[in-house]
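Using the sequences and the accompanying hints, generate a full structural model.
Here the numbering used here is used: position 399 in the sequence shown is 399, and no number is missing along the way.
Just so you know, these hints were derived from the structure itself, not from any lab.
You may find that some hints are simply not true.
[Claimed, not checked] Distance condition first, Cα-Cα at most 25 Å in a straight line; then the derived BS3-like pairs of lysine-lysine: (1) 236 x 350; (2) 106 x 230; (3) 236 x 357; (4) 349 x 236; (5) 72 x 140; (6) 230 x 350; (7) 358 x 236.
[What the hints assert, rightly or not] Ranges of calculated distance between the beta carbons of each label pair, as one might list FRET restraints: (8) 313 x 375: 23 to 31 Å; (9) 148 x 376: 49 to 57 Å; (10) 114 x 144: 39 to 47 Å; (11) 123 x 82: 55 to 63 Å; (12) 128 x 95: 48 to 56 Å.
Virtual Cβ for every residue (Gly too), placed ideally from N, Cα, C.
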Amino acid sequence: MSPSDEAHPVPRDLNLKEGQTSTCHSQRKSQQDAVDTPRIASGSLFSAGIRSIFSGDMGPIVEAEMNRMKEKLRLEQKEIDNYRHSLDAHQYELQRSQREVRTYAKECHELQHERQRLVERNTNLVHELNTVNRRLEETKALSDTRGNELVAVRKILAEIDANSLAASDLESETPIQEDVEGVQRSPCSGCRRLGHLLTAARTRFSQQWAGTRILLTEAHALPYTDLLDKVDAFNKEVAAASGFLRRHIVYRSQDAFQEELDEACEEIEAILGGPICSLLASQSRNAELGTTTPPALFVQMITQLLIVAFSVSEISPRSILSDAGGGKSDLFSRDHHQMQTSQPPSSWKKFRTSVLKKLSMVFMTAAWSIPGSETRAELASRLEPLFVAKEDLRVAIQETFASDKIELAIVDYGASFTPEFMQEVPGLRRKRGGWYDQCWVKKIR
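Given below as structure tokens:
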């Protein structure tokens with residue numbers, strides 16, 4: 001051992017580790033060489049193969065393979081072109097089909113529209129057919145009714161003929177006539193009076209009998225249908241006007257002078273009668289008690305009575321007869337035509353003013369009022385169709401009873417039929433209770 005070795009001693013374990021490390025490196029290197037050797041050999045073989053291919057030994061084979069691939073590529077390109085042409089043809093066919101579909105859809109829509117129009121027309125025709133059938137049934141029923149009425153009238157005429165024959169036989173009997181003349185020549189005043197009564201009764205019976213025959217002969221041919229329609233239209237307008245008043249009338253404080261109240265009561269009593277006027281006067285007490293709204297049914301009843309009484313007074317037979325003789329019928333026809341064309345004539349203004357004046361009399365008596373100027377203006381406008389309906393009814397009555405043998409007259413409410421109606425004298429208007437619920441009766445002129 002050298003002095004340097006002694007000065008720097010090397011441990012034994014370290015020497016052993018270095019020996020082991022070098023041994024591991026040598027083993028790893030030998031394993032790597034074993035792996036790399038086949039790789040190098042295969043690479044050399046591949047390089048040799050490539051060199052042999054491009055050296056000219058494999059040239060024809062490669063060229064044939066390339067030609068085959070080119071031919072295959074050309075065929076595939078041709079097939080692609082065919083597919084492209086087929087696709088273009090299909091696209092053109094698709095566009096043509098789409099145009100045809102749009103055309104068919106438009107035609108289908110037009111056909112559906114035409115079908116809807118035909119269905120609507122068919123529905124209208126069905127409604128018209130039902131209306132015609134209904135009118136036919138109504139005409140048949142009316143014809144049956146007219147036939148039954150004609151049969152009844154013929155029976156009555158036959159009975160009248162038989163009775164008139166019997167009456168003429170009775171009149172021609174000499175003993176009865178001689179008895180009557182003997183009674184009249186009798187010196188007894190009672191017997192003479194009885195004879196005069198018998199003669200008057202016989203004359204009155206003959207007049208009534210003749211009047212009845214004329215009435216039954218003339219009246220059964222009168223066209224009542226249009227007249228009844230005009231009456232219904234007039235009643236509807238009266239109901240509409242009274243219904244409007246029923247909804248808007250309220251109580252107000254009584255601020256009129258006593259003289260004005262007395263005048264209004266006299267006016268209302270002359271139109272509606274004393275009992276109705278008393279009821280209206282009692283309404284003013286409700287206003288003093290704080291009640292705001294009058295009974296709706298009572299309001300409607302009073303206004304209907306007033307409007308009907310005033311309107312019927314203008315459709316009275318006296319005005320009709322005076323028109324026929326005084327040349328006023330053309331004037332009223334012109335006024336009616338102007339009202340139909342929305343041109344208020346003077347008679348319409350007079351009618352509106354008169355109706356509103358009568359209503360104001362009722363309102364003053366009952367302490368009623370219509371609040372609001374717009375409501376009052378609407379009430380005035382609602383009187384226009386009432387005037388038109390009244391004039392239509394007036395013209396219909398004048399045209400219906402145009403015979404020169406019969407005359408229309410008014411019979412008061414509650415009056416019963418009496419034989420005097422059938423005499424050859426014009427009837428008189430009599431006032432019962434002061435107000436009129438009119439009905440129409442034919443009289444012999």
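Results of checking the hints against the structure:
1. 236 x 350: holds, 22 Å
2. 106 x 230: The given pair, whose Cα atoms are some 53 Å apart, is violated under the 25 Å limit.
3. 236 x 357: holds, 22 Å
4. 349 x 236: holds, 21 Å
5. 72 x 140: It is violated: about 97 Å lies between the C-alpha atoms, which goes past 25 Å.
6. 230 x 350: OK: residue 230 and residue 350 at ~22 Å, within 25 Å.
7. 358 x 236: holds, 20 Å
8. 313 x 375: 23 to 31 Å: Given about 27 Å between the Cβ atoms, the range holds.
9. 148 x 376: 49 to 57 Å: holds, 51 Å
10. 114 x 144: 39 to 47 Å: holds, 44 Å
11. 123 x 82: 55 to 63 Å: holds, 60 Å
12. 128 x 95: 48 to 56 Å: holds, 49 Å
The structure shown violates the earlier hints numbered 2 and 5.
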